[in-house]
Every structure is written in structure tokens, then in C-alpha cells.
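Colleague: Quick note, the sequences are listed as chains A and B, same order. The first sequence lines up with residues 2 to 393 when you count with my numbering. The second sequence lines up with residues 30 to 424 when you count with my numbering.
The hints are simulated quantities; they were obtained by calculation from the structure and are not laboratory data. Using N, Cα and C, we set each Cβ at its ideal position, and we do this for glycine too. Any given hint could be a false lead.
Said to hold, decoys possible - Heads up, simulated DSS-like pairs for lysine-lysine below, C-alpha to C-alpha not over 30 Å straight-line: (1) B/Lys324 x B/Lys103; (2) B/Lys127 x B/Lys177; (3) B/Lys273 x B/Lys324; (4) B/Lys127 x A/Lys62; (5) A/Lys238 x A/Lys62; (6) B/Lys103 x B/Lys177; (7) A/Lys62 x B/Lys216; (8) A/Lys238 x B/Lys127; (9) B/Lys216 x B/Lys324.
Said to hold, decoys possible - Just a sample of chain B residues kept apart from chain A, beta carbon distances all over 12 Å, derived: (10) Leu35; (11) Val79; (12) Arg158; (13) Ala203.
Below are the chains, spelled out letter by letter.
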Amino acid sequence: MLVPVTYSTRSLLVRRWTSIFTAGGIGLVVAVTILLAGLVGGLQRMLVGTGDPDNLVVLRKGATNDGSSFLTREAVQIVRALSGIATGADGRPLVSPEIINQPFIRTREGGRENVLVRGIEPVAFQVHRDVRLVEGRMLQPKLGEVVVGKGVALRHDGAHVGGRLSFGRRTWTVVGVFDGGGTAFESEIWADLSDVQDDARRPSGCSGIRLRVAPGADRQALIDRIAADARVTLEAKPETVYYEEQADAANSLYVLVLVLAVIMATGATFGALNTMYAAVAGRTAEIGTLRALGFSRTAILLSFLSESLLLAAGGFVGGVVLGVVAMWAVNTLLQGVAFSMMTFSVATVLLQPSTTGVLLGLLFAVAIGGLGGLAPAWRASRLRVVDALHRA
Amino acid sequence: MTYGRLVLRNLSRHPLRSLFTTLSIALSIFLVCAVLSLPSALAAILDKAVSNTRITVHHEAGLTYLLPASYVNKVRGVPGVAAVNHFTWFGGIYDEPKNMFPNFGIDPDTVADMWPDYKIDPAALRRFRAVRNAALVGEQTMRKFGWKVGQMITLRGTAFPVNLTFEIVGMIPAASGNPVVLWFHHKYLEESLQPRPGWPFSGFPFVGMVWVQVDRPEHVERVMRDIDALFHNSEAETAAETEKSFFQNFMSSYQGFIRVILGVGFLVVAAVVLIAANTSAMGVRERIPEIAVLKSLGFRRRPILTVLLCESMLQGLVGGAVGAAGAFFLFRALAAAGKTGGLGPLLGPLGSFYMSPATAMQGLAIALVVGFVSGIVPAWNGARLNVIDALRRLF
């Protein structure tokens, strides 16, 4: 026969403050786990989600990202003429030459940060399927017009339709805002290719090419053809691979989060141990009575263990609520976390509530409750009835 | 029996409980110290690397906008300028893309005048000037890759279509505050840039930024104004700023991440306060009869409050000392092994942080605050105990 669960819940309610404090400690561990997992998850989602499996990134051989690559106009023509590339509605190949520049932009606080400016041709909107205008119109060439990503629109004052932004050598007019589906593009400003070439004083060249592989075409064959072409020294890789490489750093961040959470959880386990040992010590007489009534050692052990797990469950629920509220606060009040990426320009990461984070939090809560309750519950179950009742 | 012994006796009454609480504080302070190292590493970089007579001149529009190489000589002519040097970002990587670290083409002739505070060995500087493909390497980078002076190394160019092979001729000491950088001759880079497929340029008549050593601190403001005025309305307008403001701006992009990390540190402290407060409250509750007896014997509120508070603060002190010292020596060991750079590309200069004694002291102080905050309410309740009620409960 098992000890009724109400015995455990009522015991927790009787020592209200102790329960709240212990559960609070567990809850904070859960909240931190969820929050940090949300940060890493958001970073990964942003980077990995930016890659489109049907797209290739073409860079100069040896360049690690498009910020440090340079291609001539001739190279673009050569790539455009290759077979195996998808074509748009107008019959032109979906090849988007793009130039990257990283000028300073003023921040609201009066400082400055690097912003990623991508010089594009209209075809870019066909190649990058996730990107679509949500406000305003497409930019016109050679007029100093730009469209800004949603993340930029949130961070900078002039970044709204009709607004003006100062960066590079001139002032630009914002004519549209685009949604990038949570990708890294949302932290970018897109301008006309030739405008950015002028501004960067890099006439006739671009940083890299994004292109769409034709449906049904052999992607690897196209990659090999680009690498083997003797007229140019280029290398191509799937966009997904390109962004996964950029996301490598986010993976090492995950290790950091785990280490942090494990250390914190160990601390909280000590807290739970203290609480449960005290509970056992304070209820010696009760335990003796229960035993005298015929509850077995196992029933006592399970009762105290479930009491500890209930405590952890309360902490877990509180922690999830706190973590979600904190995430919401960071995302809406602070507009996400500004991250300096590989290319040194600033991208805004929105924290991403993830099941991984919640499951990790649950794992920690169960571990704290289980480990923190096991030894005290064992002690309770080993009490001798005579001794326990004698002390009463 | 002295008060001190009373505190110790009370703590050893539940040795396991005191141990758990202290360990829990130690673990939290360990985390807090690690977390605090990030911003304090920034401050340390600023303090150590920064001279109040050194200024930077870069393109007003951004660091990716290059300056004409002719600017270097023009800046040299400005009154009050004692020495001029320049940086050009090569973006070279060693072996693998994750081994990205800052490497710059510079002018080998004015290193000693420009960075006298770096205390680079004069013999190494002489060799640096004399050898065309010489490189000076920061101490931490040397250790990270296991490089030795005299060794030849090749960096794969990412910003330029060339791979350059260098002879390491000397080390930039870690005490300079700039221990990850690699410097080489700008001329060596320039000469290796010849037209080739996909690179239509010959030579490289640009520099990324100009460094200026001003003769006296009081001239700094005027020299900065003069330089910007010199290039006003020209092909490339400049922005001169002090070294300190340059680094501050450069690092401000890490602020968002640092804020999150500090927020996490705050939550860690909050968690341990809850745990420790719970323990001391339990301790006081169990001892109500004893405290009542003490009071009825004539002990006043203050000594009772002090004794109870000392218990939690002593735990805080011991836990804090263990946690802070643990973090300090662990990070020192990691830094010595050159292994804290795992987050390199993402955290940039923060990736290679080390913990300062000041941070350890901060951790200890936080532990004492934790001890105080967690102990004050239970101790206060204990000291204010109504003797009659308490004794009545006892008998």
C-alpha cells in the first residue's frame, strides 16, 4: 500500500516558505536553461535557416565568407552561362551577383556598429525565396534607394518606408521593408548593386554569387563544373553548407550553455537535499506512525521521493513561465540580442522558444528532484519504528 | 564559550547541511566569476592596450572603406604627430577557417615609436625591420598554435587572393594587452599582389587605417581635428578618434550578448540566495527553543542577531572563496594552455579571456552579500523572538 499523494502535497504546503524557496531555486535553473537554449536556438535557426538547399553560394576560391570574397564581372557572365541553373519567369537565369559591404551605422544610443549592406539586382528576390517585401516597394537602381530587413527596421530610427538612413558615403532613402522568414537577411540592408559598387569604390566587381539550381539538375555536377572552370578561380557550395559553417560557433556556444546549466543544477540539488533532509528529520515521529500503521519501507521511500519530485515539478512549471516571460521581454522590449557575427556586422537574434530547451529544463528539474530526494527518502525508509516513535 | 565558537558549533551541528549550502554557494560564485570575466576582460583590454597619446584614423564611412596609401605621409606632416603607422587587414587563416585571428600588414620602421608601451624586444624589432617576410606574433597566438620564434608559417589569405609565408622573428608580449595579433610588412603583401585570373589589380595603394602617436597628451584633441580637416571634402573623409574610443566602439557590438550573460549571472545569484536563505531559515526555526533560552539568560538582541548572521556570512565567505579561487585558477590554467579561444569567431576578442584577481574579489564580495541577504531575515526573526511564546512552546 502506498502513502497517499496528498500526504506529500500537504507536507509541502505546511512548510510553505521552504517549499517555495527550494522550488524557486529549481525554477531559476530551469529558466536559465530555457533562456540560454532559446538564445542558441535562435542563433542556429537564423544561420541554418538562412540556407536554401536549392541555392549555391559562389565565392572566390579561398574566401571563407562573402565579406572577404571578390569576383569580376567576367566571372559573373561565365557563371550565368553555365547549364543546370534555374530560370525565372522571364527566361533569365536565376543568378544573383551580390556585393557585401559593412559600413558604420549610428545606433540609437549614439554609438556605431557595422551593418551588413548587400548590393543586389532585382533577381535577388527570386533567388532568395524566403525574402519578400512586406511594406513599400522594390528599390530602383542608381537612385540610392534601399529596402531594409525587419530586424534593421526595429533597431534603427530612420529605417522605415520614407525614412532616410546615413551610411557609407551618402544618405539613402528607405523605400521598403522585407521579411526574411527569420533568416540572417533580416538584419541586412539591401541596396542596388551598382550603388553599392560606387559607394565601396569597387566598380565592376561583386563579392559573390547566389544562384538557384534548376529543378531536377545535378547540384554536385554544377558545383564541380564551377570549380573546374579554368577561366575563373571560383568555388561553389550549397547555401545550407555555407550557413552551417557559419553556425559552427553557435554549436560551441551550446556546450557553454550545458556546462553552465549543469553547474547551476548541481547547486540546486544541494538545496533540495537540504530541504528534504530537514523534512525527514522534522517528521521522524510521523514516519514512525506511518510505519506503525503498516506502510512499508518502500512506500515511505516512494512517498518522500515523490515529495521531492513534486517540489521539482512546481519549480519546473515556475521556471518555464519565468523563462518564457524573460524571452518575451528580451524579444519585444530589447528587440532581441544583437550579435556580432563572423563578418563583424551586427545581426539581431530573436530568442527561439524550443522544445529542446524545455526538455533540457525538465531533465534538470527531474535530476534535481530525484537526486535531491533519494538520499533523504532512503534515510526516512531506514528509520526504525521503535526509535522513531520513541522520539515522539 | 566565545561567540566565534558558538557560530562554528552551530554550523557543525548539521555538517552535511552546512557543506551542501557552502558548496552550492561555491558553485554559483564559480559561475558568477566566469560570467563577470567577460565584461571585465573588455575593460582589461581597454586599460592595458590603450595609450592616451595614440589615435586611430579610419575612413569616416566604416572600416571596410580603405584609405589611400598617400594619406600616411600626409598625416605625418601634421604638427604634433610624433609617429605614424598603418594597418591593413589581411584576414589570413592558419590551417582551418576556425583559426581566424587578426593579422595586419604594417610599417615595420615605426613600431617602436608607435607602440613603445608594448615592450617588444629590440633585437626582435631589428630583425623585423630587416627581413622582408618577417612577422611579429602575439604571445597568446604563439601558444595557441604552438609556434616558435624562427619558425616559418603560411597564412591562407581570405581578403586577398594570396597565401603568405612568414618567418616569425619575435613575440608581442601578453602584457601589451594585444596578445593575439600578427603583424607583417605591408610591402610584402603589396608585392605579392599581381594581376591574375579573377584579380585585375596590381599592387595595393591603400591602407585600412592609420595609427598616430601624438607627441603630448594635450595635443591629442587638436591633432585629431587637424587630421579630419586635412581630408575634409576629399575622396576619402576620415574620422580620427582616440585608441580608447576606437576599441570601445569596436566592442560595443558585443553588448547585447554581454547583457544576456550578465542577466544569467543575476539569475544564478538569485537562485543561490533562495537556497541559502532557506537553509538559514531552517537553522533558525529548529533552534527557536535555544534562542529563547539564550535570551532568557540575558543575551540581548544584537549578539544573537550577530551570531546568526555570522553563520550565513561565514558560509558565504567560505563558499565564495572556494568558488572564486576555483574559477581564478581554472581560467588561469586554461589561458596558460591557450585553450579559452574556442568561441573565437563569435566572441572575437572576448573569446580569449582570462580572469583578473579583481573579478575574483568581486565574486567573493557577491558571496558575502549572498550570505548577508540570505541570513538577515531569519536572523532578524530569531533575534526578535518573543521569549515567553518561545518558551511556552517548549514546555
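Colleague: A separate judgement is required for each hint: does it hold in the structure or not?
Modeller: Hint-by-hint comparison with the structure:
1. B/Lys324 x B/Lys103: With Cα atoms ~83 Å apart, B/Lys324 and B/Lys103 exceed 30 Å; violated.
2. B/Lys127 x B/Lys177: Status holds; Cα separation ~21 Å.
3. B/Lys273 x B/Lys324: violated (60 Å)
4. B/Lys127 x A/Lys62: holds (17 Å)
5. A/Lys238 x A/Lys62: Holds: A/Lys238 and A/Lys62 sit about 11 Å apart, inside 30 Å.
6. B/Lys103 x B/Lys177: violated (38 Å)
7. A/Lys62 x B/Lys216: holds (24 Å)
8. A/Lys238 x B/Lys127: The hint holds at about 18 Å.
9. B/Lys216 x B/Lys324: violated (84 Å)
10. Leu35: holds (21 Å)
11. Val79: Given that every Cβ of chain A is farther than 12 Å from that of B/Val79, nearest at about 17 Å, it holds.
12. Arg158: Nearest chain A Cβ is 29 Å from B/Arg158, so the label holds.
13. Ala203: At roughly 23 Å from the nearest Cβ of chain A, B/Ala203 sits farther out than 12 Å, so the non-interface label holds.
Against the hints set out earlier in the document, violations occur for numbers 1, 3, 6 and 9.
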